[in-house]
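> Chain residues, written in single-letter form:
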Amino acid sequence: MEMSNQIPIIYKDKSLTPFVFYSEFLLDVAKFYSEKNDKENTVEFKLIEGNDLEFTRKNYYIDPITLPLLLSLFQQLKNHHKKPIKLHLSNTPITIDVLEYLYRSQFFYITGDNINPNFPLGRNILDFDDVYLGGFKGKSIRTDHKLRCYSLNDDNLKNKLIKITEGEPAKRDYLVQHYTYKVKEHFYDLLFENYTTNHLTNEFIEILAELITNGVLHSKSDAFVLMFSDKFKTKFAISDNGIGLYESLNNKSDVGDFYIKFELFNSLSRSFPLKTDEKIKNSVLILFETLYYSMLKDRQGLFDLMCNVVLDCSGYFRLHTDNAQIIVSARMLNELSKLYETRFEILNAHNSLLFEQVNYEIFKETMVKLKEKCKNQMIELAKSIFKKHSDDTRFSALRIFDVRFKGVHIEVEIPNSIERV
Amino acid sequence: MIISKITIDNCLYYHLHAEQTITSAFVDSGNIGISEQLVNETTLIKIIDDYSIYDEDKPEVLVLNFESTNAIQNNQISKISQLKSLNSNLILINVKKSLIKELTLLSLFNNSNNIIDEDGNFLVFNCFEAGKFQVIYSTQEIFKTHFLNLLTEKDYIKSLEGQERYHASSSVYLSKWINIKKIISLDREFFLYAIYNLAIKTYQKWFKDLKTWGDDNKPILVCQNLNSSYITSILSTLLRTDIVILDQIGPINKMYSTLDSKIDNNKKYIVVSDLVCLGTEIKIAKSLIEFLGGKYLGNVSIVRIQTIDTNYRSFEDAESVFVIDKESNKKIGYEISTAIDL
Chain A
822 MEMSNQIPII
832 YKDKSLTPFV
842 FYSEFLLDVA
852 KFYSEKNDKE
862 NTVEFKLIEG
872 NDLEFTRKNY
882 YIDPITLPLL
892 LSLFQQLKNH
902 HKKPIKLHLS
912 NTPITIDVLE
922 YLYRSQFFYI
932 TGDNINPNFP
942 LGRNILDFDD
952 VYLGGFKGKS
962 IRTDHKLRCY
972 SLNDDNLKNK
982 LIKITEGEPA
992 KRDYLVQHYT
1002 YKVKEHFYDL
1012 LFENYTTNHL
1022 TNEFIEILAE
1032 LITNGVLHSK
1042 SDAFVLMFSD
1052 KFKTKFAISD
1062 NGIGLYESLN
1072 NKSDVGDFYI
1082 KFELFNSLSR
1092 SFPLKTDEKI
1102 KNSVLILFET
1112 LYYSMLKDRQ
1122 GLFDLMCNVV
1132 LDCSGYFRLH
1142 TDNAQIIVSA
1152 RMLNELSKLY
1162 ETRFEILNAH
1172 NSLLFEQVNY
1182 EIFKETMVKL
1192 KEKCKNQMIE
1202 LAKSIFKKHS
1212 DDTRFSALRI
1222 FDVRFKGVHI
1232 EVEIPNSIER
1242 V
Chain B
139 MIISKITIDN
149 CLYYHLHAEQ
159 TITSAFVDSG
169 NIGISEQLVN
179 ETTLIKIIDD
189 YSIYDEDKPE
199 VLVLNFESTN
209 AIQNNQISKI
219 SQLKSLNSNL
229 ILINVKKSLI
239 KELTLLSLFN
249 NSNNIIDEDG
259 NFLVFNCFEA
269 GKFQVIYSTQ
279 EIFKTHFLNL
289 LTEKDYIKSL
299 EGQERYHASS
309 SVYLSKWINI
319 KKIISLDREF
329 FLYAIYNLAI
339 KTYQKWFKDL
349 KTWGDDNKPI
359 LVCQNLNSSY
369 ITSILSTLLR
379 TDIVILDQIG
389 PINKMYSTLD
399 SKIDNNKKYI
409 VVSDLVCLGT
419 EIKIAKSLIE
429 FLGGKYLGNV
439 SIVRIQTIDT
449 NYRSFEDAES
459 VFVIDKESNK
469 KIGYEISTAI
479 DL
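Chains A and B, in that order, are what the protein sequence lines are.
Counting from 822, one number per residue, gives the positions in the first sequence under my numbering.
Counting from 139, one number per residue, gives the positions in the second sequence under my numbering.
Treat the hints as calculated values from the structure; they're not laboratory data.
Accuracy of the hints is not assured; some may be wrong.
List of simulated lysine-lysine pairs, DSS-like, C-alpha gap at most 30 Å [said to hold, decoys possible]: (1) A:Lys-1159 <-> B:Lys-239; (2) A:Lys-835 <-> A:Lys-1052; (3) A:Lys-1054 <-> B:Lys-239; (4) B:Lys-217 <-> A:Lys-984; (5) B:Lys-343 <-> A:Lys-1052; (6) A:Lys-979 <-> B:Lys-184; (7) A:Lys-1052 <-> B:Lys-234.
For each label pair, taking beta carbons as the anchor points, the in silico distance ranges come out as [claimed, not checked]: (8) A:Pro-1236 <-> B:Leu-261: 30 to 36 Å; (9) A:Ser-1150 <-> B:Glu-327: 45 to 51 Å; (10) B:Glu-327 <-> A:Ser-1205: 54 to 60 Å; (11) A:Ser-1135 <-> B:Ser-173: 23 to 29 Å.
Glycine included, each C-beta is placed from N, C-alpha and C at the ideal position.
So that you can see chain A by itself, here it is in the shape it has in the complex:
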């Protein structure tokens, strides 16, 4: 096999962050496929760039929240080629730290062929030589980051869901509860033994369980999850390579009495100010459409979760699909607070109907008004984001990438220091 087939994952002195992943690493992979038309040629990866026998000082870093993205990509490639993807490892004084780091995050258990139930089940995504995995320094036994894979194929979930006949909300509730327990079990050390995050434990469990449920239920694929915690912050990343936000919304059969599919999408589309091609435009607009849909629902979902992260926990919420990513943070506090108030009114209207305090006619009247309000506020938010983006992309809440990355990818970052009221 030629060396050129091997795409390096980590470059020296350059941390592999989600941004680098979306903007550079994906480009390398895309380039490989556009250059090699020969279908027989399968992409191969190597852990680090350069000659690993050099003993000069080099640093290789990987931001832990990039790991779910990497796994998601490798799984897509595996599904495409119908065989595990080759990963070339090396174990030298300069690679050992990053290798040990990956090893302890359970990366090699998940991507390999592990069937030992004490560790995560192997998904046969990568083909690597595990002879390299050893001789670690074992600096600390405590694990502060852990990778997991969730799938409806696990724990007989598919069959259990078939038996739930009360509709999608009931399935969701079932899965959220299931993952509440899984999250507690899998991230026990981080959730319960970490003094700095103790006061946020319940928030973390709820957020993770909700996001994993979103991942596996709508996307119809596996979801890769990482939780990471240090002194200052806790981060989660959830990545799936499923059908994406557009299809998932398009597939919905029951969207309630008020939401009209792609209403906001079409309205924003008509006045879209950024000069991009159609695909990129669509992946930007679907982000807003998804949040809008979530806002009108009678059940709490993605929008509420985002508000919980940003407003209650002073965190960051990043949502990526296809070619676009939206970064929601305290920087859009004003717009978000307004939306949150409207959301509260909407939930309240739904609950008043639920408790039979109002009849359907009154409810309908209220909802029609609230829906208009909500739509206008969303348009306002979108427009202000678009404007800032065309002024200066560096500080934009929107990020646009040339290479499409399938699925939905969410990163959440929450500072540990905040006091909850």
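Please arrange chain B on chain A, whose structure you already have, making use of the hints.
Relative to the frame of chain A, chain B by itself:
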């Protein structure tokens, strides 16, 4: 299985955290014992199913106790609404303000008779617009009232006469015998609730300040007779800690020679009993633990007889869920005497 269902007067009480603890300890896999803080769907469905059996003889008021609950699974307001449709006099007690906010309840029902504590949490939250009912909101009081009713109304206390009055381990005569074994068998669910309450108290006293759950410094529970081993095994599940069995310390003493291999140097121990009368068995267990190098922290029991007035003794090393004191003994009539009195 519902363990916390208690009826007092016209009110029916369910304690969500107790039910959740049982759900996660015995039904689901990820047991974190009583440090569970989030109420999930299964627990609410369990309560709805349990309450649905009431038809004509429905209690007037349905009370959900949220004590120790800090979070609720998303989108469970529909379950609350289901309960409300089963009994429109729905009252929530000991609810954190954050939960009321999350459930958007305040904008649905703003009853002026709600009782709010100094932190803004709701001791009583009425899920109806106007009016009020007399409910007890102290979890302790609900439990104790029911326990006392149970002891006196059911046949759990036996009067002792003649030879039987002699109490082997403490050399005194007793007028009554409280049949804990019978409660365990006949009121199994409620007894689990009693153990749950004991776990909460034990946690508050000796576990709360431990840095983490995986702490090696965690106290170990010691059981010393048959009833106590039943209690200890459940208690250890709820507290996620270890057990040591010092078999047959009471009522009839029988020593095993292997004792020293069970007690570890410098580990902390809590002795568990079903009922503490004069504390002789506790003292034997304490001596054994300390002789073998362990550290004795205290004792926990379901029932404790308060033989010394609290003005004279603080009982700092003792924890129990039901104390027979002067007040409660009016209904029970427990007497300890010696041959001198008789």
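> Which constraints among the numbered hints does this structure fail? Numbers only, ascending.
Every hint satisfied by this model.
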